[in-house]
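Chemist: Read off the chains here:
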Amino acid sequence: MIQFNQISMRFGGMVAINNCSFDIPGGQITGLIGPNGAGKTTAFNIIAGHLIPSAGQVLFDDKDITRMPSHKRQALGMSRTFQLAHEFGRMSVLENLMVAASNPAGESILNAIFRPKRGQEAEHQAYNDAMETLRFLEISNLQDEFAANLSGGQKKLLELGRALMQKPRIILLDEIGAGVNRTLLGKIADKIDQLNKTSGYTFCLIEHDLDYVSRLCDSVVVLAQGELLMKGTVDEVRNDQRVIEAYFGGGKYEDYA
Amino acid sequence: MTADGLFFYFVAFMTMGGIYAILCLALNMQWGFGGLFNAGIAGFYAVGAYTGAILTSARSASHVGGFDLPIVVGLIVAGILSGLVGWAIARICVRLKADYLAMASIGIAEIIRLIVVNEEWLTNGSLGIAGIPRPLEKLFNGREAELVFVVFVWILVAVTYLVAQRLRVSPWGRVMRAIRDNDVAAASIGKDIQRFQTETFIVGAVFMGIAGALSAHYFKFFSPDATEPLLVTFLTWVMLIAGGSGNNRGAIAGALIIWAIWSLTEMLTNQLPTEWATRSAYIRMLLIGLFLQFVLQRFRSGLVPEKPPELRPR
Chain U
1 MIQFNQISMR FGGMVAINNC SFDIPGGQIT GLIGPNGAGK TTAFNIIAGH
51 LIPSAGQVLF DDKDITRMPS HKRQALGMSR TFQLAHEFGR MSVLENLMVA
101 ASNPAGESIL NAIFRPKRGQ EAEHQAYNDA METLRFLEIS NLQDEFAANL
151 SGGQKKLLEL GRALMQKPRI ILLDEIGAGV NRTLLGKIAD KIDQLNKTSG
201 YTFCLIEHDL DYVSRLCDSV VVLAQGELLM KGTVDEVRND QRVIEAYFGG
251 GKYEDYA
Chain L
1 MTADGLFFYF VAFMTMGGIY AILCLALNMQ WGFGGLFNAG IAGFYAVGAY
51 TGAILTSARS ASHVGGFDLP IVVGLIVAGI LSGLVGWAIA RICVRLKADY
101 LAMASIGIAE IIRLIVVNEE WLTNGSLGIA GIPRPLEKLF NGREAELVFV
151 VFVWILVAVT YLVAQRLRVS PWGRVMRAIR DNDVAAASIG KDIQRFQTET
201 FIVGAVFMGI AGALSAHYFK FFSPDATEPL LVTFLTWVML IAGGSGNNRG
251 AIAGALIIWA IWSLTEMLTN QLPTEWATRS AYIRMLLIGL FLQFVLQRFR
301 SGLVPEKPPE LRPR
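Chains U and L, in that order, are what the protein sequence lines are. So for the first sequence, our numbering puts the first residue at 1; every next one is plus one. So for the second sequence, our numbering puts the first residue at 1; every next one is plus one.
In case anyone wonders, no lab produced these hints; they're calculated from the structure. All residues carry an ideal CB built from backbone N, CA and C; glycine is no exception. Careful: at least some of the hints might be erroneous.
Unchecked claim - Quick look at which bits of chain U chain L covers, simulated, 3 or more residues with Cβ under 8 Å:
(1) 60-74
(2) 84-92
(3) 108-119
(4) 210-216
Looking at chain L on its own, in the form it has when it is part of the complex:
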């Protein structure tokens, strides 16, 4: 591979890595601060991706829209819609204890996936939506466009990080962590547990939707295959747990490290003989699993563990 090729491999890596970083920060809001076990990340991701795709793509005969709206509008609406879905789910499920919430959220993500596959008028079914634009597409093309997009993604990673960090150090975040550690005691000191849990579930869902919309713009084409829970929900969870649940920098680091393992091992498995190549995805999953085992044996709270925020003395 030439130096140029290597550089653009890196750009592509950072683009997907950045999208995963947003997902991982969003999950950190729900699980890391809030202790809410959302196993339906793929559902919010799909809501965001399809919202962005339908709103920004050019008019099409095969599904509703597209509405050819600006990408920023698409991203904002994707976040809002995903947040609304999060609100509806939180209303019903947030009182459930961790494992039950996990089951309920898997179920809801599956419902969303079935809607996406079957409601062809809305999503064009399994054929997917094509012609999804990228930002500033008319000004740049080819490899320049890749560069523009990676910068765009990382600006949004920065925004997500800023929000997550502000939430973490605020009194709101402190109450959230208290509820995570002991909900009965949090109620006894006058905190409305349901209100806080609903809020953190919604804000996490908003950013999961934005990450979904970003990936739709990146792929330019979005079909139900891209919402595969193994690739979205499972990988994001591994990223957060390996990186350090509760720590925003840990969430970003975990996203990049796991994504590196996932994409670099693809090069290795491509060298395998054909009868093995078909199984490569599972071999890579196994490697990810082994790495998670290793991390958790050596670093129990992840690579970058949670620290209480500095309290400025005065």
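Isolated chain U, as found in the complex:
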């Protein structure tokens, strides 16, 4: 579904990603792993359009979207969550979800001033979808809370909910599990699994916790220091010497001894 094609990304003299290629196949859950500074989040930002790569292309269903602005990619069916929750703090949880729905008529300023009835249909739809999403994520009790007052884990659920509200085909999850307690983590994994298996959503997730990755992912892409280290199934990756070295720094020890 998404092809990451020979991408390089430089920030000044720093090379964050160096000539890296991988695919995110539709209908699957793909994991993107690697030690800190491997370029995972940079890769996400390139796919989501927050960064334009120095070289290479991003293809979505074989269409080149490398330079498409981030707000237009949502219409293609792509949505994302952030490593640090990006909630809309001074809006209620329900509003946080409703705003993610698309309502071109209601979002026109002239309609808002002169024809406030326009867009009501989409507004009803957004309201119902948001209530449904809250039920699915089991946070209906929080609907009127300001999003800024939620706990870290609840904010992550809200992010997932906001991604779902856009009715995307693929959801990019950037460390949805970071800073979330075990119980909630398990719950989030169940929801992701359910969305993939029963509703056919494609996922690509960045995660540090290898157990979490093995539980969810069909295939894994490993990055290290901006380069593609390997791709394969979870078991292949887990037992690969290069991955172990990249994660635990094995072999480098002698250099310092």
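With chain U's structure known, arrange chain L on it following the hints.
Modeler: This is chain L only, laid out in the frame that chain U set:
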């Protein structure tokens, strides 16, 4: 002071208070919903005031026009011109982060002020424009005219409030508040940030221009002194922050309360000995500052804080 005198003091108070309420609602559209730090309110106010003055005053040898047009036409054109200036500025500046937008807008307001002072053919320079009419001037005079004008001002406050309120509860307003809270996330859910920010900047500028034109009609005479940033930009900001940024009623309440402090303290400072009286304006500013401190210590989000709009369940 007689009861009559007191009443007309109140009428004068409500007239200026109403004009400030419009400015404050307009700033609330830009800052309260949109998070756009416009520190150049005085610029839009001046564009509106001079547009209204030039279009509606009688022909004059000392500056372009006047065109003797109806006041309503003047107000509409003042709003449109101020909105166009807002559009031009938004095109260039709206992508700037809050503090940079503040600097850019101060600069632009200063450019507008210098144009007003120096382009004498247009504005009669520092001598100002005289003979600006008030609505229904021929039918009423004296104190009746004051009453007519205060009603006229508050009708426009009501219109501004209605627009601001419709904007706030609409899906458009919700997107606007989302962009204010987190622009990166708003872009990731498919919202064109620049489009929304430009729109809210323009609509705020339109009402700032209308407020400027209203004050020109109220004073009947308009010179660059009336666009003093301390009196226009600074006071409006204090009003919005004290009243409750993001809340339209808070914006109106803040405008009236701060204007009350500003005008009532004038009575007090008038009692001061002469060597102090010359400093009275600064003493009053200090009082306003102290009051803002007090409000923000006790009510962090202003006197009437922002609430999410009711979502009608169905």
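Chemist: It remains to establish, for every hint, whether it holds in the given structure.
Modeler: Hint-by-hint comparison with the structure:
1. A stretch counts as covered by a chain when three or more of its residues have a beta carbon under 8 Å from one of that chain; for the region 60-74 of chain U and chain L the count is 6, and the coverage holds.
2. Remark: the region 84-92 of chain U is confirmed as covered by chain L, as 7 of its residues place a Cβ nearer than 8 Å to a Cβ of that chain, reaching the required three.
3. With 7 residues having a beta carbon nearer than 8 Å to a beta carbon of chain L, the region 108-119 of chain U meets the requirement of three or more and the stated coverage holds.
4. With 0 residues having a beta carbon nearer than 8 Å to a beta carbon of chain L, the region 210-216 of chain U misses the requirement of three or more and the stated coverage is violated.
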